[in-house]
Structure formats: C-alpha cells, structure tokens
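Following the hints, position chains H, W, C, A, B, X and Z against chain F.
Next come the chains, spelled out residue by residue.
There are 8 protein chains.
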Amino acid sequence: MTQVIIFMGSDSDFDYMEAAIEELDKCGITYEVFVASAHRTPERVKKLITESEENGAEVIIAGAGGAAHLAGVIASHTILPVIGVPLPTLGLGGADALLATVQMPRGIPVATVGMGNSANSALLAIQIIALHNEKAKKYMENYRLQLKEKVIKKHNNVIKRMNK
Amino acid sequence: MTQVIIFMGSDSDFDYMEAAIEELDKCGITYEVFVASAHRTPERVKKLITESEENGAEVIIAGAGGAAHLAGVIASHTILPVIGVPLPTLGLGGADALLATVQMPRGIPVATVGMGNSANSALLAIQIIALHNEKAKKYMENYRLQLKEKVIKKHNNVIKRMNK
Amino acid sequence: MTQVIIFMGSDSDFDYMEAAIEELDKCGITYEVFVASAHRTPERVKKLITESEENGAEVIIAGAGGAAHLAGVIASHTILPVIGVPLPTLGLGGADALLATVQMPRGIPVATVGMGNSANSALLAIQIIALHNEKAKKYMENYRLQLKEKVIKKHNNVIKRMNK
Amino acid sequence: MTQVIIFMGSDSDFDYMEAAIEELDKCGITYEVFVASAHRTPERVKKLITESEENGAEVIIAGAGGAAHLAGVIASHTILPVIGVPLPTLGLGGADALLATVQMPRGIPVATVGMGNSANSALLAIQIIALHNEKAKKYMENYRLQLKEKVIKKHNNVIKRMNK
Amino acid sequence: MTQVIIFMGSDSDFDYMEAAIEELDKCGITYEVFVASAHRTPERVKKLITESEENGAEVIIAGAGGAAHLAGVIASHTILPVIGVPLPTLGLGGADALLATVQMPRGIPVATVGMGNSANSALLAIQIIALHNEKAKKYMENYRLQLKEKVIKKHNNVIKRMNK
Amino acid sequence: MTQVIIFMGSDSDFDYMEAAIEELDKCGITYEVFVASAHRTPERVKKLITESEENGAEVIIAGAGGAAHLAGVIASHTILPVIGVPLPTLGLGGADALLATVQMPRGIPVATVGMGNSANSALLAIQIIALHNEKAKKYMENYRLQLKEKVIKKHNNVIKRMNK
Amino acid sequence: MTQVIIFMGSDSDFDYMEAAIEELDKCGITYEVFVASAHRTPERVKKLITESEENGAEVIIAGAGGAAHLAGVIASHTILPVIGVPLPTLGLGGADALLATVQMPRGIPVATVGMGNSANSALLAIQIIALHNEKAKKYMENYRLQLKEKVIKKHNNVIKRMNK
Amino acid sequence: MTQVIIFMGSDSDFDYMEAAIEELDKCGITYEVFVASAHRTPERVKKLITESEENGAEVIIAGAGGAAHLAGVIASHTILPVIGVPLPTLGLGGADALLATVQMPRGIPVATVGMGNSANSALLAIQIIALHNEKAKKYMENYRLQLKEKVIKKHNNVIKRMNK
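Protein chains in written order, with the numbering used here: chain F, 1 to 164; chain H, 1 to 164; chain W, 1 to 164; chain C, 1 to 164; chain A, 1 to 164; chain B, 1 to 164; chain X, 1 to 164; chain Z, 1 to 164.
Okay, chain F solo, but in the shape it has when bound (with noise of 0.2 Å):
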C-alpha cells in the first residue's frame, strides 16, 4: 500500500518537491513519486490515479509551475483529497502557479499551500492520514513540540549573533 502519491510537472520540479520527500520518509508514510504532465501526459496522469487508488493512495500532493494545471487535472479524476503546490517561475514570480491551482471552481477543490513550500504539503497530507492512524498522530503531535523547540533554538542564534 501507498498512503501518499507525489506528482510533479517536471524533473526541474525536483528541487522544490524534495522538501515533501523528507517529510513524509521521517514519519514513516509510504509514498510514490511520478513526473507527469496534466498537457503532455494527460492520459498518464489518469492512468496512474486509477492504479494509485487501487494501491490504496489516501492523498495526492502535486506540484507545478506556471499556468499549473496539475492538481486540478488530478482533482478532476479523483475524490482523494488533491494538496496543490505552486511553484515559482521566471517573471511573474509564480502568480500565475498559485492561481492557477487555488482558483478551482465549486465542485472540485484543490488544497493549496504556500508558494514552493512542498514540506507543508507533505504536513499536511500527514495531519489528513493522522485522523485515522494513530501513528502519523502521534508524529504530528511530537513535531510540533520539535517546532517550538526549533523556535528556541533560532533565538539563541539571534542572541549569539548579537553578542558578538
């Protein structure tokens, strides 16, 4: 079984989407990862939905850039819930990737995060699966204590740097 499928538009896309990977490997979630293209590959994207749901795949995540059509295209074949990740471009500095995956119309939603922040696509697909597996609950909960640990840690940086 493979609890998360990750999807992005282009192997140039890697970059932005290995932030989801670390995620979703530290907690332990299972997850595929394909390049396809909701334009070039219209018919793989559906195909691999289909057998990704037969796999049992509880959340799709999908990143893209530009007129970012791929967590739509994804959402449009299935009722898992679809995570939309922006990505930037040249130019237009991703505006154009943010609402051409946010502005969905009513029937069919994507669920958007923040501009090239895959690591909170993946943190979001684990607080979905948390609510019905004890596990991933358990993860979430400890890495927000790891969070406002972290947090702690920054300001000691800050004061370190300001005493010198």
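Any given hint could be a false lead.
As the list claims (entries may be wrong) - Here's a subset of chain B near chain Z, in silico, CB distances under 10 Å, partners left out:
1. Gly9
2. Ile159
3. Arg161
What the hints assert, rightly or not - Pairs of lysine-lysine residues, derived as PhoX-like cross-links and limited to a Cα-Cα distance of at most 25 Å, are as follows:
4. Z:Lys153 to C:Lys47
5. C:Lys138 to W:Lys47
6. H:Lys160 to W:Lys150
7. F:Lys160 to X:Lys150
8. Z:Lys26 to Z:Lys150
9. X:Lys47 to B:Lys148
10. Z:Lys135 to A:Lys137
11. X:Lys46 to H:Lys46
12. W:Lys150 to C:Lys164
13. Z:Lys47 to X:Lys150
14. W:Lys46 to C:Lys138
15. F:Lys150 to H:Lys160
16. A:Lys160 to B:Lys148
Hints are computed from structural coordinates only; laboratory data are not their basis.
Using N, Cα and C, we set each Cβ at its ideal position, and we do this for glycine too.
Frame of chain F; chains H, W, C, A, B, X and Z shown alone:
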C-alpha cells in the same frame, strides 16, 4: 460528535460561508458554526478549538478577509486539517486574504481554496472525511456524477439561448 | 463539416462568448457550441474533441474564468490551434484566468486573446481559416475596411457631442 | 516562399526568440528573422509585412518586452495570424509586455503565448500551418508523441536522483 | 493654428477625455479632437499627425485603454511631446493601459499622466506651451492660486459636515 | 491643547475619514480636522503642522488616495508620529495609495494602517497617547473588552440567521 | 526597564532586523530581541508580551515574511503600539507580507512601515517614545538635521562621479 | 542659463540617472544635477527649484524609488514641466515608484516615463525644448534617423548570430 467546525471572522462573512453549510447539510455531515476573531478574541479561538477536538471534530474550516489570519492562527493550535477560505474585500479584491491565508510558514499548513469559494472548503472536508467514512465516500462519488449532469444541463441552457 | 468549435466552462459564460458566435455567423463560418468543464467532465471534453476532429474542425475556441484550465486541457488533446479567452471574475478581476490560460508549458501552446474578448477569438479563428479559404480571406479584408469606417463614425459621434 | 516571419524588437531579444527558430528548423518550416521596432522603425515594419505577404508568409511571430506594441502594430497591417511573445523585463517582470500584447481591441487579435515562451509561438505557427500542410501535421503528431517520451525520461531522472 | 491635438481610441473614451477639453477651453488654447485607432486606422493616425504638425501643433494628447498603443504609435511618428492618458477597463482596472502607455523603449518617450486623468494631460500641455507663451504662463500661475483656494473651500465643506 | 490632527487630501475623503473622528470622540481625545493637499497647498501643510506642534499635538493622521504623498510630506516636517491611511481609488483599487504611503525612505517613517481603515488610525493614535495618558489607557483596555463582546453578538447574529 | 521589544519570526530575519537594533542603540533606547513565531509558538508570543508589559515596554516591533501574522497576533494581545515590518520573500516579492501586516481589521491596528525597512520601525518607535521622553525627542531632532547633512554628502558624491 | 535640472533622491540613483545626463550632453543642453530628498530636505528642494527658475530652467527631471514623492513634490512648487522617472527597488520591483509618480491628483501633473528609463526623460525634455529651440529640434530629427539605423545594426547582429 461534531465532524466539521466552521469559523468565520465576522457575521458579515456569513453570505460567503453559507454555501459551505449547504454542502455539509446535503451530505449529512455534522457541524458547528462560530464567529470568532483571531485578533479580537484570540483566547476564544483557542478554547473553541480545544473543545472541538474533545468533541471529535475532524476538519476545521475558516473564512476571513483582509489580513486573514484566522485560518493560520487556528492551524497553530491544532493538528487537525485546517481549510482556509479567503474572502474578497473592497479595493484590493481579496489578494490580501488569499496571500495571508496560503503563504503559511513551514510546519503549519493551511489548505487554501479559491476566493470566497466556501462550497469547495466543505467538499474538501467531505473528501478528507471520506477516507475513513464510507457514507461520505459514497456521497462524493455520487456528487461527482451529479456534477457531470449539471454540465449537460448548462449545455442545454446555452443551446436554448442560441435557438431563441 | 463544422469549422470552429466553441467551448465554454459554464452557461454563465455565454454572455461573454456570444460575441464570438456573432462574428462567426457574419462570416458564414460553421460552428458548434459546447458547455464542458475541464474538471467536472474531463472525458466529455476529450470525446467532443475527437468527434470534432473527425467532423473536420479547424480551430477550437475555449472561454473560461478562474483557474481557467479549459483551453489548456483541450490543447493537450489535439494539434488543432486552440484559442483561449480568459473571462473576468469577481475579486481578482480575471488575472487568474489570464495567467492560467496563457502561461502554458513548452509544447502545448494556447493562443490567448484579451480578457473577455471572445469577438477577437472568432476573428483570429477566421484569420487562421483564411490561410486556405478564399471566402474567409475576402471577409477579413472587407472586415478591416469596415473597421476603419467604424472609427470614422465614432469620430463623428465625438464631434457631435462636442458641438452640443 | 517563406512560411513564417519572426520579428523581434531588439537584438537583445534573440536569446528568448532563438527557441522559436530551433522549433521551426526541426519541422523544416521556412522562415525569415527581422529586428524591427514598432516605434523606432514603423515604416520598416509595414514594408517588411507587405513584402512578407507577397512572399507567401502564412504566420507572423513577434517577440517584444516593455510596452510591447510590436505584435499589435504588425497585426494592424495584416490579416495573417500574428502570434505575440511577451518578453520579461527587469522590475515589473514582464507583466507590462504580457498586458500590452494580449489586451488588443476588438477587431485586431494577437494570439499571445506565455512569457518568453517563443518555442510555443513556433509550435502554434506549425499547428496553424498543419491545417493545410500534411508534412507539418505529421510533424506535430510525432512531436506530441516525443513530448510524452520526454516526460518518461524526466520521470526516470527523478527516480535516479531519489535513489542516490 | 491648432496648439494641441487630442486623440482618443474610441468614442466611448470621450467621457474620460472631456476634462482635457474643458481645461484647454478655460485657458483659451486651440485644439482639435480626433477618434483614431493605432490598430484599426494606422494610416489615418500617421496622416493626422503630419497634418497637425503642418498646422502648427505643439503638443499631442492621446487617451486609450486596454493594450493602449495609441500614444506610443503617435510618438513614433513625431518629435512633438506626446502625453498619454491610460484609461481604466473592466477586469484589470487599467493596469494594462498604464503599463502599455508608460513602458516605452529608449528613444521614444510618452509623457504619461494618471489613470483616466485627462485634465492633467491638458494642464501638462499648457505647462509645456507656457515655456514660450506668456498668456499660458499667466493662466497656469493663476490656476495654481485658484487650486489653493479650492482646497480652502473643500476644507470649509468638511467643517460644515462635521458641525451638522 | 489639541491632541490629534487629522489631515485629508480632499473633502471627498471625508466619508472614509469620518470613522477616525468617531473613535476619537468616543475616547474624549481632542482633535482638529484639516483639508490640505501635499501638492496643491504645500506651504499650508507646513504651516498647519508648525501651529499644531505649538498647540501641543501628539499624533498626526493623514488620509489620501492616488499618489498619496500627504502622510509622507507631513512626516518630513515633524518628528511627531504620523499615521497614514491609504484611500481606495477607481481602477487600481488603492494599491497606489498603499504603496505611496508605506514605502517611505529610511529616516522618515509613516505608520501605515489598512486601506480606508481610518478607525484604526484613530485607535493607533489613542494607543500611542495611552503610553502617557491614563484615561486613554483605560479607554483602550475597555475598548478591547467591548470588541470581544461584539464578536459574541456577531456570533449570535449568525446563529439566528441559521435558525431561520 | 526595557523600552522596546523586537520580535522576529526566524533567525533568518535578523539580516533585515539588524538595522532596527542599530538605530535603537544609537539613541540609547533599551530593548530586547526575541525570535518567536505566531504559528509555531503562539503561547510563547503571548507570555513574552505579558512579561514585556510588566517590564515597562512602550513599543513592540515585529518583523516577518510570507503570511506575516506576527505583528497582528502580537497586537491582539496588547494595547501597546505595535509596529510591523513586512519582509520580502522569493517569488511574490513581499506583497504577501505587506498585505498580511497592514490590512488588519477594525479594532486592532498595526503601524506598518516599508518593505524590509526595520530602521524606520525603530525610528517610529523613538518618535512615539519622544512624546514623553525629552532625551529621545532631542535625539530625533538631531537625527533629522544629520539626515539633511547626509543628503548634501550624497550630492557631493554624485558631483564627484560626474567630474571623473 | 541652465536648461534642464535633474534631481535624484540619493547618490545610489545615479546609476539609473546617468543615461539622462549622457543624452543631454550629446544634444548640448545645459543642465545641473542635484541630490535632494522630498522628505529629508523639503526646504532644499523648494529653494533649488526657485533658484533654477530664476536661472532660466525650462524642464525639471526627477528620479526616485520607493514611495517616490520627489517628482510630485517638485511639481507642487513650479509650473515648469516636471518629468518623473520611477526607479526599481527590491521586492516590489518598482511598482511603488511607478504608482507614486504617475498617479498625481488633478491640477499637478507629472510627466512619467518608463521604469528606470532616464534616457527617455532627457529625450522628452529635449522634445519639449525643441518647440522653441531650433538646435534641439534639429538634434531630435537627426536622433530619430539614427534610431532607425541602430535598428538595422541590431538586425545585422541577429543575422550574424544566426549564421554562426
């Protein structure tokens, strides 16, 4: 048990958020609605979240306009999935609410849906609940079929208008 | 044989798309109109394109608002020229539709025209058809002459208003 | 006979427009390239268009940045389909070129493609020519198949990177 | 002799451009008004400029909306100072007209004034003419004094409203 | 002694600025209101500031739209805290006023509040005065409690609407 | 007693916030610096504010990027004046932080300064403190004089560069 | 006699404003350059304008970034034509400077040129002066011819690059 909690920043947001209530009603999802402000009543927000968690809430929806902090502040108090609905405002057209909702820092995601599109926040909540709730799953599968039929109806409307 | 296919995402888009129909009618171009949604009825979109191609379609026009994926999804299923008409929406003023239509990835272009300017999508279609269709070519040459005359008419309107 | 004419506003635009030339070369489409400015050499633009039309040109591509009037001015002199390529500039990131290219008035359409995406302008030109040119049609059908293969290659790149 | 030429792209622009006429009238500046389109009647634009120059025109004002090329195209045909008035449009709120007017390439400046602010285009024209026209100079000096008095009037209006 | 000075650029700004007056009235803060323009009456602005300082003014509020220089110009003439209220305008929705108010150079800050939100400018003024004025401090502490009660009232409004 | 509290959302914000520290140091204002996150450590934020108030804090400065809720969340816990510094981020260039900081709802103002301009946040704090602190007032009066001298220095730099 | 006065807000603006100086030098126009800040040295700005007017100045150029008030403040002190050059800044890409320069209120126009395009500010100044100065007129007529030749040169550069 209440499955979904709907927060809104003001009673004037109700016109936008009513569609979420309608969608949850149709699916038979239990919900509660609270007006609460991230800035004016921060303690109330926190208390309502704790009570909701104890009450079995699975998903939280938050609609707000302007510097829309509500969804983000809620997300900081819980590991339940939080869905943000940016609401349009005069002048800047809702760009403020969209960016203030979606651009959350690493660690605390908000699942953002389209501008004023509270119907999609409810549908996303149902899709999340459907992962462990057979009735919700059936509902969504049927919903998507109806969506297709509605498109055919709209097509027929256009053909009628053209034939006039 | 149907020369041009006009897609729109909803019957509410008809008010914007009607001008395209008028322009095609004046030129005597044959066309069909379909309401179809990239997200709600992806299979229907694909099937209509295949049938249109078999039916001899030469150009496809697609008008949509919000995260306007319709033109891009159509373009992914055909090598016919696809013309996208971004439609304005409340709040973000249509910037979402413009960017989601025009910023297509390398390999799958959409010929985008101005915000809500479906008349221009029809005229562009006629200009494309005119490359191998003498009647359409004559029509466009004449259309441009009339355009010049209309400007003179508008000039006279202003002079009249000034003389009041 | 020259099938496609490529205009650019300055020699500094060549880095962006080179991809169009490459795509036309691969397809065996004949083309000519001109640097010409809508504002600095308006007569030259007009003269080149007239000569191109006499020479059998079928599609005109125009790339420009800033207040990018080049495509629109060309479109005002011909009924050949004109494809506009907005080019990014410092500061405003190309929003100026996008809007100045796409927002043409009723009567004079410019088929606008994505920011700096001259490859897509060439592919759109080939798709238009393919309507009456069997060789171009075959090329595009094959191009789309290759596009699908490239996505598989990119997928394999990502899998390799993940296995490192 | 006609001192100022006012161009507008359409008769529907007259509502915005009327304020320019009023300001010129008050100062006693001679002017002519033309509806002419950079795209629909490029030759007419050029011809009118040549005639205006022969007729002694000193400043040209051009108001246009959308991909507002009118001022720029005029500027390419003359070395008279050209003042551009971007006009607001539905959807994008006039950002298209502003950027298409102001972002001219090196060599061909357009003196751009605020959105729909044709009064300021006339005042700028008068300020330019005032450099060699004592009557216009006197008018402007007096105009500024009146401007100060108007502010006092507006102040009194507010005080009255507060005392109600 | 006058504690707060309210400037506005025009009498038409009064509709937006009235809320500031109401808030100051409720708290019992003394104030004066002036219409004055940074551009039309620069000397008047300077003179009023000097008089206000001599009169004991503690905080200055300035509301303006368009290229909103008023707050910045006031700030250049005084070291009293200056609060800027950007006012929305047609077309660009107030983005011009927001940026022209907030993006002040190093050395001359303007404390900018939200679009058209003059109530907040008054409340910020009271919070500043409360640092050395016990009555104002008490007022603000009570104001915040009332704010919480208003949220409960709004909550009850929504519950009532839902029960209809 | 600590007069000013500086919050920042992360240690990576220190590069932007350092200028505030420098300005406070020069004036001899006492301050404390905390890294604290509105979302990751909401309780810590609240606790630090309470302690700061007991410690005599007069002004709070908060710098944050992205969906910058920090200043707003702080403002919801105190009636001390809160100054927000929006920090730029990749992609959207800081528009997210600016809007999320400035567009606060009625009742809870944040005094927003320019993008990344933490120096101005410190100067605004000093101007506020100067209302009841003669030393700070003297400092600001002198600071403004020095500002004028710096402009003369910069003028001389330009003249030197021109004479090379 | 000095024909043109160039103001800039800071010595760091010189890199952008140098092109204006070059263009004036080539034409033999006399000019003076001042660093002066609308906010830091308002009196100096006013004094320099008065002196410039007495000295025979005909046109004033002002370049500034951020909340670029410099051109507007200058325009409020003189009836000479004032040309504004918005300069780009980090983060918001110069949109702040563009809007703060161009959106002047009725009565006080600023002739705004493109982002950082100080060359065009000088050329516009020369075009204005050419109305009563035969030497400047000859220069501009010749300049335009050279502009055409430069386009041919750029064309040849592209042809050379293509033949490599």
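Against the structure, the hints come out as follows:
Proximity of glycine 9 of chain B to chain Z holds as hinted, the smallest CB-CB distance being about 7 Å (cut-off 10 Å). Annotation: isoleucine 159 of chain B was flagged as interfacial toward chain Z, and the flag is violated, the nearest CB pair being 43 Å apart, outside 10 Å. Hint status for arginine 161 of chain B relative to chain Z: violated, with the closest Cβ pair at about 40 Å, above 10 Å. Distance restraint check for lysine 153 of chain Z and lysine 47 of chain C: the Cα-Cα separation of roughly 18 Å lies within the 25 Å cut-off, and the hinted pair is therefore satisfied.
Restraint check for lysine 138 of chain C and lysine 47 of chain W: the C-alpha separation of about 22 Å stays at or below 25 Å, so the hint holds. Straight-line distance between C-alpha atoms of lysine 160 of chain H and lysine 150 of chain W comes to about 32 Å, which puts the hinted pair past the 25 Å bound. Straight-line distance between C-alpha atoms of lysine 160 of chain F and lysine 150 of chain X comes to about 32 Å, which puts the hinted pair past the 25 Å bound. Pair hint lysine 26 of chain Z plus lysine 150 of chain Z holds up; C-alpha atoms about 16 Å apart against a cutoff of 25 Å.
For the proposed pair lysine 47 of chain X and lysine 148 of chain B, the alpha carbon gap of about 20 Å is at most 25 Å, so the pair holds. Simply put, lysine 135 of chain Z and lysine 137 of chain A have alpha-carbon atoms about 23 Å apart, close enough for the 25 Å limit, and the pair holds. Taking the CA atoms of lysine 46 of chain X and lysine 46 of chain H, the gap is about 13 Å. The hint holds against a cut of 25 Å. Note on lysine 150 of chain W and lysine 164 of chain C: the hinted pairing is violated, with a Cα-Cα distance of about 67 Å set against a maximum of 25 Å.
Of the pairs offered as hints, the one joining lysine 47 of chain Z and lysine 150 of chain X holds, with about 18 Å between alpha carbons and a cut-off of 25 Å not exceeded. Between lysine 46 of chain W and lysine 138 of chain C, the direct Cα distance comes to roughly 21 Å. Compliance with the 25 Å bound is thereby established for this hinted pair. Between lysine 150 of chain F and lysine 160 of chain H, the direct Cα distance comes to roughly 62 Å. Violation of the 25 Å bound is thereby established for this hinted pair. The straight-line distance between the Cα atoms of lysine 160 of chain A and lysine 148 of chain B is roughly 35 Å, outside the 25 Å bound, and the hint therefore fails.
Violated hints, in rising order: 2, 3, 6, 7, 12, 15, 16; the structure is consistent with all others.
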